Every structure is written in structure tokens, then in C-alpha cells.
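Protein chains: 2
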Amino acid sequence: MSHSLNFKSEHRCFDGTVAYYSHESQCCRSSMNFAVYLPPQAKIKPVPVLYYLSGLTCTEENFTVKAGAERYAAKYGIMLVIPDTSPRNTGIVEEDETWDLGSGAGFYVDAIADPWKNHYQMYSYIVTELPEIIHHNFNVNVNKTGIFGHSMGGHGALICALRNPEKYRSVSALAPIANPINSPWGQKAFTAYLGKNKDHWYDYDASQLVKKNQLNYPILIDQGLDDPFYQQKQLLPEKFQEVCEQVGQQLILRFHQGYDHGYFMISTFMEDHISYHALYLSD
Amino acid sequence: MSHSLNFKSEHRCFDGTVAYYSHESQCCRSSMNFAVYLPPQAKIKPVPVLYYLSGLTCTEENFTVKAGAERYAAKYGIMLVIPDTSPRNTGIVEEDETWDLGSGAGFYVDAIADPWKNHYQMYSYIVTELPEIIHHNFNVNVNKTGIFGHSMGGHGALICALRNPEKYRSVSALAPIANPINSPWGQKAFTAYLGKNKDHWYDYDASQLVKKNQLNYPILIDQGLDDPFYQQKQLLPEKFQEVCEQVGQQLILRFHQGYDHGYFMISTFMEDHISYHALYLSD
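Line by line, the protein sequences are chains A and B. Per the UniProt record's numbering: the first sequence = residues 1 to 283. Per the UniProt record's numbering: the second sequence = residues 1 to 283.
Hints in this document: simulated from the structure, not taken from any laboratory. Being a predicted model, the structure only gives us computed values, none of them experimental. Cβ atoms here follow ideal geometry from the backbone N, Cα and C, with glycine treated the same way. Fair warning: there could be bad hints in the mix.
What the hints assert, rightly or not - Reference listing, derived: stretches of chain A covered by chain B, where coverage requires no fewer than 3 residues with Cβ under 8 Å from a Cβ of chain B: (1) 9 to 22; (2) 32 to 38; (3) 56 to 68; (4) 251 to 261.
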């Protein structure tokens with residue numbers, strides 16, 4: 001496997017560096033893009049790594065520009081890794097037909113259905129391939145890895161953590177799709193990527209996975225009450241909460257009056273999320 | 001004069017509100033757009049107002065999304081007002097021909113040359129018309145007004161403050177065009193908006209204006225040393241510093257190794273800028 005990176009650009013920020021890269025992904029058989037924030041501490045020692053998975057339509061850029069996370073990552077000495085939300089320009093005809101499937105909408109699953117299965121392997125990419133790339137190229141402590149995300153990426157973070165208790169030390173989410181098998185977005189994506197047999201869907205649904213595996217740390221979730229997608233029952237955090245209570249999974253689920261689904265909500269609670277991860281990732 | 005506003009959208013952020021408006025500007029004879037951040041304190045008392053003038057090509061949106069300023073405005077209880085950088089869709093044929101003149105490039109001057117003079121009256125808009133609109137529509141203390149900006153907007157902030165010591169209590173700038181009459185950008189814009197007679201240019205050049213008026217507070221300026229526009233001598237902060245020293249104007253000019261011209265630089269120093277303004281604007 002090649003670990004080589006194509007450097008695109010970098011910018012000094014809070015005494016560290018925001019940088020953009022692409023590389024050839026073996027599991028997605030495609031070029032993939034990601035961004036990083038390297039905190040100043042990485043110059044002198046291996047730093048913890050915190051993956052951020054973005055929501056529908058995002059690229060690796062939205063979070064770096066809009067979330068205001070660099071300030072806190074610099075404070076706590078944590079590297080941020082922000083992958084793109086899907087392969088792009090794979091040649092799959094349907095790839096750019098709708099905003100909630102294909103490009104920008106990989107849903108962090110390993111597709112098993114045509115025409116997606118040859119390229120849309122986002123679960124393996126996030127959990128296995130990208131961490132190897134990061135480990136090989138940056139000064140990180142792989143034993144200290146956390147993950148978080150927003151909306152579709154909140155779903156992604158939850159499933160990655162719940163399926164791999166040994167890989168991640170912390171997980172949090174902002175307005176996650178917490179029960180995709182019962183959400184219109186999730187049903188559309190899972191039907192396309194995984195086929196109609198719902199047995200395959202359960203492996204990628206946080207509210208199902210938490211029945212099998214519980215984590216020995218609390219999961220943090222924030223949800224705005226003026227979020228139209230929450231109101232339209234795309235996100236379903238109460239369903240996840242209900243199962244967490246049944247199985248004894250610690251969950252900190254906070255609802256916030258007046259907040260919507262966008263980056264103004266995300267930026268407001270960013271300090272809390274990175275502080276939470278720092279508790280579990282710092283020395 | 002009509003003070004009525006066309007509300008476009010709003011988002012909860014750090015317990016306050018980011019909101020976007022348009023209105024009919026009398027002095028620009030055009031619809032104008034602006035954004036605000038109303039801190040939570042505005043619900044209970046009149047709050048200070050801090051104007052932020054953006055750089056070339058920006059709209060009222062860039063700063064609200066990228067600067068991370070809301071956190072500090074909420075902390076100090078300061079309203080932010082972010083005007084668009086020019087009138088738009090005025091019907092002037094040349095308006096959208098180049099990125100550094102016309103739309104997105106009003107340069108905060110009152111144009112006196114054709115074809116711009118009928119609409120490009122950004123100086124009067126920023127100093128007089130927009131503050132009346134803000135005063136009429138929001139719970140602000142007009143006796144506590146500050147101004148800052150970036151690049152072209154840093155130039156704008158400096159000239160507004162230097163020409164109106166009675167109106168502004170504080171001024172700061174990030175990578176400002178500090179001596180536009182000697183900068184290629186400034187020369188192009190001033191020739192177009194003000195004509196070839198350089199007597200008119202001096203009224204809009206910070207390094208000239210500070211010879212006439214000094215402010216009884218220090219001016220704060222931050223400049224990245226890896227900023228390509230600084231290296232290309234578009235910005236010329238040393239010229240402004242030289243004149244400030246000659247006339248006894250207090251100036252805090254800080255250079256920062258490795259930082260470029262963009263919002264990653266702006267966001268890094270945002271806390272310092274809003275803290276500086278809070279010193280002069282808070283109770």
C-alpha cells in the first residue's frame with residue numbers, strides 16, 4: 001500500500017498548520033482528499049489524533065474553515081483529520097445525480113451493491129486505510145485516537161466507535177443521524193449502497209450497534225431543537241438514547257433551544273466537544 | 001430616509017444571533033446587504049457596536065462564517081455589523097469586469113468619477129447611513145462604536161476612524177492596505193473612483209490622514225509575514241508606522257512569522273482584536 005501524499009496547500013493557524021492533501025486510496029480505488037490541522041505540539045512530540053467526519057454535501061474544507069476548531073486543537077495539542085465525505089469522479093454514472101447519494105454522501109459504509117461497491121468503501125477507508133496514511137506521514141500517537149462528526153458524519157463517528165472499541169478512546173457527535181435505518185436519508189443511502197436486505201443495514205446503525213457493543217466511556221451528543229432535520233425525524237437521537245438506557249451505555253445527550261443544523265451551531269459547541277475528547281486523549 | 005430592513009435569515013450562535021439583511025440605501029441608490037451578530041446581552045441592554053469591513057471579493061457572509069468572532073462578541077457583549085463590500089447589480093457596465101474594481105471592491109470611498117459616482121458611495125454609507133439604520137433597528141449604544149477590518153477593509157476601518165475621531169472609540173486592522181496611494185490595488189481603485197487628480201486621493205489614505213488627525217487611543221494592526229500581498233507591497237504597513245511615529249500616533253503593529261492573508265490568519269488573531277475593542281467599548 002502506498003502511503004504517499006499529494007500536498008495541495010497549507011496555512012498557518014493558531015501557531016499550527018491547516019493543510020490539504022490528496023492521495024490514491026486503495027480501498028476506494030480513487031483519489032481521496034483530506035485536510036488536517038497539525039497543532040504546534042506536533043513539532044516536538046507525537047500527538048493524539050481526532051477524526052472529524054463531515055455531513056452531506058461537505059468536502060474536507062467546510063470544517064476547517066467554519067468550525068473554529070483549530071483554536072481548541074492547538075490548546076490541547078490534538079491533531080485533527082478531516083476526510084472528504086466520499087470518493088469523487090469515479091465514473092459511476094449516478095454519482096452526481098442527487099445531493100444525498102454518491103458524491104458528498106458516502107455515508108461511511110462499505111457498499112456491497114452495484115454500481116457503488118467498486119469505489120464507495122468509506123467505512124474501511126475511515127477505520128483502516130486513512131489512519132495508516134496518517135500514522136505514516138505525521139507525528140501522531142495512534143494509541144490516542146478519537147472520532148466525532150456532524151449529521152451524516154455524526155452517524156459515521158458513532159458507528160466507527162461502536163464497531164471498534166479498541167481503536168477509539170472517545171466519540172462525540174453534533175446532530176447525528178443516530179438511527180439511519182429509520183431515517184429517510186439513511187434508508188435511501190442504505191438501499192443504494194447495501195441493497196434491500198436489511199440484515200446488512202444493522203451493521204451501520206448506531207442504535208442497533210450499541211445493543212451489541214458498549215463503550216467504556218460516555219458518548220457526547222449535541223442537538224439543536226430548531227434543526228429542521230431533527231424536526232423532520234431524520235436524526236432520531238431519542239431512539240439512540242432509548243437504546244443506550246436499555247443497555248447501560250453512558251450517553252450525554254444535550255438539546256439546545258434555538259439552534260439549527262449548520263456550522264453556527266457546530267462552532268458554538270466545538271469547544272465542549274474538543275474538551276471532551278481531550279479528557280480521553282491527552283496525557 | 002427609510003430605516004426599514006428586509007430580513008433574510010438568522011442562526012443562533014453562542015447564545016446570540018447571526019442575521020442577514022438587505023435594505024434600500026439612499027446614498028448608494030441601490031439595495032445593500034449586511035450581516036450582524038447580536039450578542040445575548042442585547043436582549044437586556046443597549047450594547048456597543050463594532051463594525052467589520054471586509055476585503056476584496058468578500059460579501060457580508062465571509063466574516064460571519066470564517067472568522068470565529070461570535071464567540072468573543074458574545075463574551076464581551078458587543079454587536080458586530082458586517083456590511084457588504086460594495087453595491088451590487090447597479091447597472092454600471094464595468095461593475096463585474098474585474099475582481100478588484102466594482103462589485104466586491106468598493107474601497108470605502110465616495111466615488112466622484114463616472115461611471116461610479118451614482119452608486120459607489122461606500123464611505124458615506126459606512127460612516128453615516130448604515131449606523132443610522134443600525135441605531136434605529138437594534139438595541140445599541142451609539143456612543144460606543146468601534147471599527148475594524150481586513151485588507152481593503154482594514155484600509156476602510158483606518159480611514160473611517162482617522163477622519164472621524166468623534167465617532168469611533170477604537171480601530172484595528174488585519175493586513176490593511178495602509179497606504180493605498182502607493183499600492184497597485186489602491187492606485188487602480190482611486191483612479192477609477194476618484195479620478196486622476198491625486199488631491200482627492202489623500203482623503204482616503206490612512207498614511208496621509210494620520211498626519212492631520214491623531215487618535216487618542218492606540219491603533220492595533222496585525223500583519224502576516226508570509227502574506228503574498230504584503231510581500232508584493234500592496235499593504236505597506238511600515239509606511240503607516242513611519243508616519244505614526246513622526247506624528248506621535250500610538251500604534252501597535254505586530255508581524256507574525258508564517259501567517260498568510262486569509263481567514264486562518266484572521267481567526268487566529270480575532271480574540272486579540274475583539275479584546276482590544278472591548279477595552280475601549282465596554283462599560
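Evaluated hints:
1. 9 to 22: holds (count 6)
2. 32 to 38: It is violated, with 0 qualifying residues against the three required.
3. 56 to 68: holds (count 3)
4. 251 to 261: Satisfied; 4 residues make the cut.
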